[in-house]
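**Student:** From first to last, the protein sequence lines stand for chains X and G.
The first sequence runs 1 to 381 under my numbering.
The second sequence runs 382 to 762 under my numbering.
No lab work stands behind these hints: they were computed from the structure.
The structure displayed is predicted, hence computed values, not measured ones.
Errors might be hidden in some of the hints.
Claimed, not checked - No farther apart than 25 Å at their CA atoms in a straight line, the calculated lysine to any residue pairs in the SDA-like style are these:
| id | chain 1 | residue 1 | chain 2 | residue 2 |
| --- | --- | --- | --- | --- |
| 1 | G | Lys452 | X | Glu48 |
| 2 | G | Lys714 | X | Gly157 |
| 3 | G | Lys384 | X | Gly327 |
| 4 | G | Lys435 | X | His36 |
| 5 | X | Lys11 | X | Phe141 |
| 6 | G | Lys566 | G | Asn626 |
| 7 | G | Lys733 | G | Lys755 |
| 8 | X | Lys348 | G | Asn390 |
| 9 | X | Lys333 | G | Lys733 |
| 10 | G | Lys612 | G | Gly578 |
| 11 | X | Lys54 | G | Gly491 |
Claimed, not checked - For the chain G half of the interface with chain X, some residues (derived, Cβ under 8 Å), not all of them:
| id | residue |
| --- | --- |
| 12 | Gly389 |
| 13 | Tyr412 |
| 14 | Ile548 |
| 15 | Asn550 |
| 16 | His553 |
| 17 | Ser640 |
| 18 | Gly641 |
| 19 | Leu678 |
| 20 | Pro679 |
| 21 | Ala685 |
| 22 | Gln687 |
| 23 | Tyr706 |
| 24 | Val720 |
| 25 | Leu722 |
Even glycine gets a Cβ: it sits at the ideal position worked out from N, Cα and C.
Protein chains: 2
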Amino acid sequence: MQKLWYGGNFKVGVLGGGQLGRMLIQEAVNYNVQIHCLDPDAKAPCSEIAHSFKVGALTDFETVYQFGQDKDVITVEIENVNVDALEKLEIEGKKVFPQPSVLRIVQDKGLQKQFYLENEIPTADFRLIDSIHEMERNSDFFPFFQKLRKGGYDGKGVAAIKSEKDIKNAFHEPSVLEKLVDFQKEISVIISRNEAGEVSIFPVVECVFSEELNLVELLFSPANISLEIEKNAKEIATKIIQKLNMVGLLAIELFLTKSGDLLVNEIAPRPHNSGHHTIECNHTSQYEQHLRSILNLPLGSTKAIQKGVMINLLGEPNYIGEARYEGIEEIMKFPGVKVHLYGKSITKPHRKMGHITVVSEDLQVALTLAEQVKQMIQVKA
Amino acid sequence: MQKLWYGGNFKVGVLGGGQLGRMLIQEAVNYNVQIHCLDPDAKAPCSEIAHSFKVGALTDFETVYQFGQDKDVITVEIENVNVDALEKLEIEGKKVFPQPSVLRIVQDKGLQKQFYLENEIPTADFRLIDSIHEMERNSDFFPFFQKLRKGGYDGKGVAAIKSEKDIKNAFHEPSVLEKLVDFQKEISVIISRNEAGEVSIFPVVECVFSEELNLVELLFSPANISLEIEKNAKEIATKIIQKLNMVGLLAIELFLTKSGDLLVNEIAPRPHNSGHHTIECNHTSQYEQHLRSILNLPLGSTKAIQKGVMINLLGEPNYIGEARYEGIEEIMKFPGVKVHLYGKSITKPHRKMGHITVVSEDLQVALTLAEQVKQMIQVKA
């Protein structure tokens with residue numbers, strides 16, 4: 001007899017136990033699905049709330065392979081995991097979503113770029129290099145970003161190379177050189193697909209980037225873009241998830257250039273920072289949708305019920321230690337302000353400690369309130 | 382140094398580990414507050430997801446007293462608990478919300494009635510009796526309901542005594558005889574109060590009762606009542622929570638009589654079946670509001686962002702065993718239909734296995750869809 005997903009004994013294994021897994025668990029409770037996590041950090045956000053929590057290296061073959069043995073579905077909340085182990089599990093008949101083939105492409109920015117090229121998906125011009133010694137012969141390509149093919153994360157592993165004199169800051173490892181894009185804004189599209197091939201897309205999100213922190217400062221939905229650009233973005237997203245033949249949730253970050261073109265920047269095959277607001281703003285949240293996708297359930301409606309702004313709650317610079325959320329009780333007084341803490345006891349500079357969603361029927365009202373809230377709350381030690 | 386509520390080590394003890402506790406835990410994750418449960422059933426809905434789960438009798442002095450020792454705040458998700466133990470904990474300096482004094486009144490329908498009388502809170506006429514022998518001398522009071530002063534729950538402990546010939550069905554124990562109310566509808570008001578004395582009220586809910594099952598069949602919000610009645614209901618609710626001097630969430634069920642009067646039926650000092658829809662429909666859910674109340678945080682906005690209908694997902698009659706949710710994947714396709722399963726593996730006739738919230742901007746649309754959904758889903762074994 002087939003195991004029923006709601007039977008209480010259905011086991012989803014999640015590689016990673018961070019905040020994305022934590023919010024997935026909150027939704028999984030409604031489905032009566034067990035969430036088991038693997039993470040190297042014994043104090044990761046899921047550690048206290050997962051059905052079981054195993055401490056171990058996500059990049060270790062044996063650890064990942066053994067973790068997957070008794071799970072009914074295996075998924076990820078971070079890309080940097082051992083794909084060989086997942087592939088072996090898949091060959092042995094386990095359901096692994098996103099599929100290992102997708103993770104291989106996503107883990108390597110070079111393969112990502114080649115995938116876009118082969119499938120005629122618009123992306124910034126690029127070149128691949130194996131070492132820093134190839135840098136000089138690419139001086140005709142200035143200005144560009146050098147991005148490590150593997151292991152970059154949250155702005156790490158990226159160097160801006162505008163001219164010869166920046167080469168001293170360059171990385172030595174295999175990299176993508178990506179032509180600097182003169183963009184007007186960055187947007188994000190979250191799409192999902194189940195095994196039956198059903199596809200569903202959330203309303204487009206606009207990201208406001210802090211150049212200083214090299215992190216998303218706030219994002220809002222719906223994005224302030226034309227219907228044509230929205231349609232174009234959704235077509236690109238659909239093409240990507242279908243060409244990848246992927247099952248699960250996929251976040252696609254795109255640049256909207258000053259000339260009105262869309263270029264794919266990065267993809268992440270999992271719930272994403274740019275989808276947190278869907279918890280409050282949409283019929284179905286990105287976390288519930290990811291669950292539906294990997295359990296091969298009908299996808300939920302992504303219709304927005306209200307407009308939303310999301311602010312990452314980051315550790316202030318110069319503070320390391322037990323987190324104190326200055327101003328938190330003040331901002332909780334505002335209608336439409338929802339606080340999500342990730343359960344990280346120690347704050348560090350720019351560490352993602354939580355997020356705040358600000359909702360309203362009127363996007364401008366939400367944006368104004370979000371700016372005010374952002375000034376009022378600080379994570380210190 | 383005062384322990385911070387968000388510090389990760391703040392312990393809320395909950396007497397009861399059912400679905401109300403389960404939904405409280407889902408919200409508590411955002412606050413990074415630990416929820417510890419005590420329940421006699423090792424397989425209760427909170428058993429797998431609480432920070433810790435202790436099996437024990439809620440009515441046993443020593444069990445409750447010991448459970449409370451290391452908690453920072455103690456609350457309930459069911460009324461039938463040992464109040465003496467809670468009172469001792471309160472005297473010893475523990476925060477217990479709702480307060481034991483409130484629980485004493487709520488546990489005894491006779492004391493509840495006297496409380497209403499003393500405080501000029503409208504309620505159906507009543508008499509108190511100590512045993513069945515006093516029944517006959519109250520024949521001038523027919524027709525009435527006999528309600529056990531203690532231990533009644535979900536329609537149990539209630540007998541309709543319309544004439545002498547019904548006395549054979551009467552209970553022997555101390556009871557309230559409550560004059561039959563000729564009501565047009567039943568409504569529910571959920572109110573909350575924190576230690577600072579701040580009070581907040583949710584929009585009024587209308588309950589549609591199934592006489593056959595003696596259970597709420599569906600409820601919707603906002604209630605279809607006049608502004609005057611809404612104002613009146615909220616004034617009654619405010620008076621009750623203030624006269625009780627209560628901290629926490631309080632649900633108040635009222636009859637709206639055919640002549641347009643409001644009469645308090647029952648109160649429950651905890652999250653309530655009639656507030657499930659607030660998860661999707663309001664800025665702040667009843668669960669988050671209860672947490673805010675007992676943690677003495679500013680209360681959240683109760684503004685409705687959409688209209689909602691809630692259907693209890695009850696075990697079909699004649700089925701006992703491993704639950705199967707027939708039609709569940711079909712109803713999940715509808716926009717605005719949200720499923721909450723409570724993690725009970727065994728279904729029994731009329732057992733509350735979960736609930737479904739149906740939301741829309743238009744209440745009539747939600748009601749029509751809810752009726753359709755109700756026909757499509759059945760809990761069998």
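**Student:** Go through the numbered hints given earlier and state which of them the structure violates, listing their numbers in rising order.
**Tutor:** Of the numbered hints, 2, 5, 6, 9, 11, 14, 15, 16, 17, 18 and 21 do not hold.
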